[in-house]
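Undergrad: Chains as they are written, first to last, in my numbering: chain V, 76 to 432; chain X, 76 to 432; chain F, 76 to 432; chain G, 76 to 432.
One should not assume that every hint holds.
Just so you know, same-sequence chains aren't split out, so a pair can sit in one copy or run between any two.
In silico DMTMM-like cross-links for lysine to aspartate or glutamate, where the CA-CA straight-line distance does not exceed 25 angstroms [stated by the list, open to error]: (1) 77 - 384; (2) 394 - 416; (3) 108 - 218; (4) 311 - 326; (5) 153 - 133; (6) 421 - 405; (7) 119 - 167.
It should be emphasised that the hints constitute simulated quantities derived from the structure, not laboratory data.
Number of protein chains: 4
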Amino acid sequence: MKRIGMLTSGGDCQALNAAMRGVVKTLANSDEKVEIYGFLDGYKGLIYSKFCMLTSSDFSGILTKGGTILGTSRTPFKTIREPDENGLDKVEAMKQTYYKLQLDCLVILGGNGTHKTANLLRQEGLNVVTLPKTIDNDLWGTDMTFGFQSAVNIATDAIDCIHTTAASHGRVFIVEVMGHKVGWLTLNAGMASGADIILIPEIPYDIEKVVDKIEERDKNGSRFTIIAVAEGAISKQDAKLSKKDYKKKKEDSPYPSVSYEVAAEIQERTGREVRVTVPGHMQRGGSPCPYDRVFASRLGSEAGKMILDGKYGFMVGYKNREIVRVPLEDVAGKLKTVDPDATIVKEAKLLGICFGD
Amino acid sequence: MKRIGMLTSGGDCQALNAAMRGVVKTLANSDEKVEIYGFLDGYKGLIYSKFCMLTSSDFSGILTKGGTILGTSRTPFKTIREPDENGLDKVEAMKQTYYKLQLDCLVILGGNGTHKTANLLRQEGLNVVTLPKTIDNDLWGTDMTFGFQSAVNIATDAIDCIHTTAASHGRVFIVEVMGHKVGWLTLNAGMASGADIILIPEIPYDIEKVVDKIEERDKNGSRFTIIAVAEGAISKQDAKLSKKDYKKKKEDSPYPSVSYEVAAEIQERTGREVRVTVPGHMQRGGSPCPYDRVFASRLGSEAGKMILDGKYGFMVGYKNREIVRVPLEDVAGKLKTVDPDATIVKEAKLLGICFGD
Amino acid sequence: MKRIGMLTSGGDCQALNAAMRGVVKTLANSDEKVEIYGFLDGYKGLIYSKFCMLTSSDFSGILTKGGTILGTSRTPFKTIREPDENGLDKVEAMKQTYYKLQLDCLVILGGNGTHKTANLLRQEGLNVVTLPKTIDNDLWGTDMTFGFQSAVNIATDAIDCIHTTAASHGRVFIVEVMGHKVGWLTLNAGMASGADIILIPEIPYDIEKVVDKIEERDKNGSRFTIIAVAEGAISKQDAKLSKKDYKKKKEDSPYPSVSYEVAAEIQERTGREVRVTVPGHMQRGGSPCPYDRVFASRLGSEAGKMILDGKYGFMVGYKNREIVRVPLEDVAGKLKTVDPDATIVKEAKLLGICFGD
Amino acid sequence: MKRIGMLTSGGDCQALNAAMRGVVKTLANSDEKVEIYGFLDGYKGLIYSKFCMLTSSDFSGILTKGGTILGTSRTPFKTIREPDENGLDKVEAMKQTYYKLQLDCLVILGGNGTHKTANLLRQEGLNVVTLPKTIDNDLWGTDMTFGFQSAVNIATDAIDCIHTTAASHGRVFIVEVMGHKVGWLTLNAGMASGADIILIPEIPYDIEKVVDKIEERDKNGSRFTIIAVAEGAISKQDAKLSKKDYKKKKEDSPYPSVSYEVAAEIQERTGREVRVTVPGHMQRGGSPCPYDRVFASRLGSEAGKMILDGKYGFMVGYKNREIVRVPLEDVAGKLKTVDPDATIVKEAKLLGICFGD
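Please take these sequences and the hints and turn them into a complete structure.
TA: Given below as structure tokens:
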């Protein structure tokens with residue numbers, strides 16, 4: 076008999092349910108008898124012992140369902156070692172829940188923050204298997220995360236819609252794509268939708284280069300320009316600031332986000348009407364795309380196999396088209412960013428896309 | 076021989092191309108020889124005599140294409156009688172273009188503002204046929220406008236996406252839907268996506284009622300609440316202000332739009348995390364939905380027939396499932412709003428939807 | 076207290092769940108206490124007393140879900156008065172279930188066949204309220220049925236996909252659209268997707284006219300032709316046959332359906348490669364479109380209101396944009412077909428669409 | 076100055092236009108002056124010297140457009156060395172066109188058959204660069220082909236639609252997915268849509284195993300079963316036949332395709348109603364998905380770079396997330412099939428999917 080605890084943590088995304096279904100189906104199809112404890116709202120459920128017992132049938136029909144049936148929440152890693160408002164030691168509380176329920180293993184689905192806590196639990200002696208969930212595709216140790224391709228599809232749809240209205244009105248349009256630290260989502264959605272300019276955190280931009288591109292297009296008879304801007308896009312000057320100064324500058328900024336700042340600067344320099352659209356949380360919602368459903372199911376299935384084999388302490392990752400086991404200590408705290416010299420960036424530039432650099 | 080001028084004016088929307096294709100196909104399939112002059116960027120093209128001659132083949136393959144191949148712009152009706160920056164009399168300029176090209180008729184596709192100018196041109200003696208374009212469905216004299224159903228689909232998709240993430244995080248989510256003066260789009264997208272609260276300009280809201288609904292849901296175990304808010308939603312207090320005072324209040328407001336104000340008020344009263352998503356211009360872009368393609372084609376075809384019959388001075392409308400001719404003087408300057416006592420509103424309330432009234 | 080029985084019968088379609096949710100939400104939001112008995116698999120459940128008790132929460136979250144949570148089956152009206160294989164009197168059995176459960180009313184969702192049985196039950200003294208479900212939009216007494224617009228969307232998507240491959244290969248392509256007796260679905264999907272030829276049961280076709288159209292397109296440089304064919308399309312010769320002779324001819328035909336016959340005849344006459352695609356049951360599946368969700372919710376809400384008011388014996392219909400109550404005896408046994416002289420057909424012809432007549 | 080000939084050959088698919096746009100944009104953004112000759116309808120255009128000169132602007136706006144703006148056709152490799160009906164030597168004719176137009180290189184987009192001819196042309200001394208196009212993903216030497224993911228999406232959508240109707244009616248449903256020789260498309264669409272049984276050419280099936288799975292599901296309360304069947308699925312007995320005997324058996328079969336044979340056998344053995352849906356050519360049509368748009372653009376960009384570098388005789392492929400150059404002689408005549416022991420197959424089995432083996 077195996078007793079498995081499961082939780083989803085951090086911002087939700089598509090295919091969380093598909094991945095959990097994969098784990099549970101694999102366990103249910105084995106000879107092993109399995110009990111599944113679903114912790115509610117991420118690590119909170121583990122800390123405060125809020126869970127429900129789940130059977131195989133709870134995971135039936137959720138392959139195509141967005142979100143997470145377990146609920147999720149953001150529990151910041153930074154304060155995980157600090158007691159909660161009632162003085163409770165959170166790490167101890169999680170361990171107590173684990174041991175009280177006599178769990179064999181925790182299956183944890185999450186992104187960067189989640190993996191730090193997962194690794195901490197591993198260090199504390201708990202058996203942990205994790206699955207790489209994030210629309211940002213920024214987890215170290217895996218070529219791909221689930222949620223990413225679905226988010227690319229939604230962001231691309233958004234830019235596609237903007238395309239027709241931008242062309243009709245001859246406008247400059249900015250679409251702000253999710254991604255505070257990494258630009259994978261913006262880069263892919265931008266390329267997929269034929270954006271003319273793509274601004275990502277990894278490649279600080281010079282606003283003059285952006286303006287040049289718009290004017291070059293104008294001269295060539297293209298009355299409109301589409302700009303895909305990552306939430307975390309940053310100008311060359313700002314990139315030179317210290318973290319503290321940059322944070323302060325942001326706080327003092329009259330603009331709700333960098334997209335509005337870019338819009339204002341273009342407007343000022345060109346006199347052109349510039350509009351901003353922010354699809355926002357839509358990008359992490361809705362039914363997972365077929366790619367993510369297959370991918371998350373495969374990862375889930377491998378996680379199930381690892382549990383049956385008693386292999387713990389790993390994230391199930393994907394490398395060179397093979398499922399791999401990545402030691403948690405290698406994943407936690409690292410970020411997979413877009414290398415400004417990566418082939419895909421070079422290809423995008425060959426296609427005429429301007430990164431403002 | 077018929078010489079037809081055609082233009083699209085105001086904010087673009089889906090199925091403008093489908094409608095124009097309908098007109099042109101109908102004319103091309105008649106025995107009449109027809110010349111088509113496409114004016115660029117709305118009334119601007121007519122004023123400044125910027126046009127291109129189009130043949131039937133230019134309209135081939137555009138049934139499914141968003142935007143308008145003619146381009147569009149907003150030319151405010153308020154200043155149409157005023158000379159432009161070079162002292163040009165705009166109305167006279169439009170008439171000159173019309174007569175110089177020896178046009179038999181202008182086909183004008185647009186919404187409320189556009190119809191005011193179209194009616195003015197009619198009064199000035201030009202032959203005009205108009206087509207009802209707007210995602211707002213607020214044109215008087217027609218049950219339906221093209222663009223509306225496509226916009227409903229996009230807004231509904233947006234709320235559907237938000238639904239899964241709201242449920243996963245147990246959040247209150249506001250989706251801001253287009254519509255400054257009328258709530259048709261918000262009402263339909265809200266009902267289609269199972270929104271719990273719908274705020275529209277025609278039904279001023281009481282924030283306490285909104286909060287009550289959220290708390291009632293909470294008590295019944297629904298951890299999340301979806302609110303569809305029209306851009307022009309207004310509180311009961313604000314609805315009592317004079318137009319001038321309201322405008323001033325808006326200008327002084329720290330919130331970019333009413334949605335953010337509603338969010339802040341809920342947050343303050345409930346302590347709940349409230350998020351806002353603004354799909355924005357996406358709602359008027361992308362490929363028209365099948366409903367709009369059929370509808371716009373039908374309207375276009377009837378417009379073509381009217382031109383062949385020499386019937387001018389009408390908007391082609393839709394009433395009780397029949398195509399009708401609505402005199403332009405009846406359309407111009409009126410608005411079709413949501414009656415707070417309309418059956419659809421009552422039905423929505425029966426379904427448990429709160430309008431904050 | 077009200078005791079309500081509910082069932083879905085006949086081929087399933089989109090928005091059945093949305094409609095039931097509408098009924099139940101409306102009842103749940105009233106002051107009346109309500110018990111809901113869901114009969115499984117259509118009239119079968121009523122005959123054999125197979126049901127489950129449902130609460131409001133069973134209908135939560137199903138607004139966007141295709142199919143029917145109650146299951147459905149086709150119980151032919153023709154044999155409803157005949158005993159089943161065990162000698163059971165089916166009509167009596169249904170009445171017994173009704174009275175044993177002390178039901179106040181049956182809510183029945185279905186199409187033409189379903190309505191005949193519903194009317195029979197009404198004649199037998201049971202309280203019945205029905206809702207018009209069918210992708211065919213062929214129910215008499217209502218301008219619209221739910222499922223229709225969703226099916227139009229799927230059929231249109233199918234033809235859109237075929238469009239690009241037909242154009243690339245310069246092929247004649249036939250897409251077979253559902254509809255054995257009526258052509259609404261084919262007509263709308265054909266118009267929405269820019270089909271060049273549309274063949275529907277109500278307008279018998281002459282294959283020579285079809286071939287002429289293809290050759291005319293060829294001459295004008297259009298290398299491909301898209302034909303939307305209803306399952307029940309019929310040639311002029313076949314339309315002259317007696318029902319019996321036609322049925323026999325069909326049975327003896329080497330072709331799986333009329334589309335393949337049309338394809339063979341075109342191929343023979345033109346030497347052109349003709350391909351057939353049959354989306355089939357896809358057209359009744361998947362998530363309902365926003366139009367259907369709103370529409371079905373509204374109908375459901377009105378049905379709920381009728382139950383609360385104790386108004387029985389009606390189908391909730393839709394006429395001239397108003398919800399109406401249509402006496403069941405007026406609906407049963409009638410069909411709403413496409414009038415060959417209808418405005419929409421004339422408009423389609425003006426657009427250049429050939430009906431083969 | 077570079078003179079480039081370009082052609083698309085074989086069955087069309089999504090993202091052909093995106094790939095060509097990638098090549099042309101890359102060349103246009105270089106310092107080199109480039110002339111582009113587009114050959115019409117595949118190798119036919121090269122043989123019969125039917126082409127048009129294209130400029131960069133012809134490739135603008137086609138990123139999202141399905142099909143191929145050059146047209147395509149299937150020219151069988153088997154008879155490429157044989158003279159045409161007028162005695163024309165086809166290979167010589169292609170060479171003549173190439174030399175007469177003084178081409179520097181041919182860019183050829185196609186699948187397996189296309190690559191055989193492309194390699195032949197290389198052997199004949201022409202400069203050739205190819206791009207891997209096919210919804211089957213069966214090209215040797217590349218992990219991925221463009222068109223594949225878009226086709227997976229369409230096939231998955233089809234099965235998703237079927238899912239709701241199968242569940243409502245408690246039916247066994249077969250969806251026939253494209254793929255005569257390889258099962259990648261069926262395998263991925265089947266996994267993405269939660270199919271219960273997947274039959275592919277590489278894993279011959281035992282009908283008894285298929286029936287067992289249906290009955291096992293029945294016993295566990297699942298009233299419906301979804302079966303994804305590749306066009307080229309084959310039973311264990313048939314797999315033992317010689318190629319000739321199998322071909323003969325197929326020709327004599329009363330069934331239009333293997334799906335109908337499987338349906339009949341299940342029906343016979345279980346008495347269950349079994350339905351078949353064949354989405355067919357839809358799978359290669361419509362707008363490419365974002366994944367394919369990015370992927371095809373990247374490949375096109377690399378092909379452009381190769382032309383600028385004068386590197387010929389390669390297919391641009393994708394290996395371990397890197398763009399690679401695969402010698403044409405290695406690609407031609409080989410097939411990338413699903414290994415029955417591949418990890419993805421094992422994972423699918425862990426998830427409970429039956430392959431009938």
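Undergrad: What label fits residue 421 with residue 405 when the C-alpha limit is 25 angstroms: within, between, both, or neither?
TA: neither (29 angstroms within a copy, 27 angstroms between copies)
Undergrad: How would you classify residue 153 and residue 133 at a CA-CA limit of 25 angstroms: within, between, both, or neither?
TA: neither (33 angstroms within a copy, 41 angstroms between copies)
Undergrad: How would you classify residue 311 and residue 326 at a CA-CA limit of 25 angstroms: within, between, both, or neither?
TA: Answer is within; shortest intra-copy Cα gap is 18 angstroms, inter-copy 33 angstroms.
Undergrad: Give the relationship of residue 394 and residue 416 under a CA distance limit of 25 angstroms: within one copy only, between copies only, both, or neither.
TA: Both: 20 angstroms inside a chain and 19 angstroms across chains, each within 25 angstroms.
Undergrad: Can you give me the call for residue 119 and residue 167, within, between, both or neither, at a CA distance of at most 25 angstroms?
TA: Classified as within; 13 angstroms inside a copy, 57 angstroms across copies.
Undergrad: Under a CA distance limit of 25 angstroms, which applies to residue 77 and residue 384: within one copy, between copies, both, or neither?
TA: Cα proximity of residue 77 and residue 384: one copy only (11 angstroms, versus 56 angstroms across).
Undergrad: Pop the pair residue 108 and residue 218 into one bin, within, between, both or neither, using alpha-carbon distances up to 25 angstroms.
TA: Close neither inside one copy (33 angstroms) nor across copies (38 angstroms); limit 25 angstroms.
Violated hints for the displayed structure, listed by number in ascending order: 3, 5 and 6.
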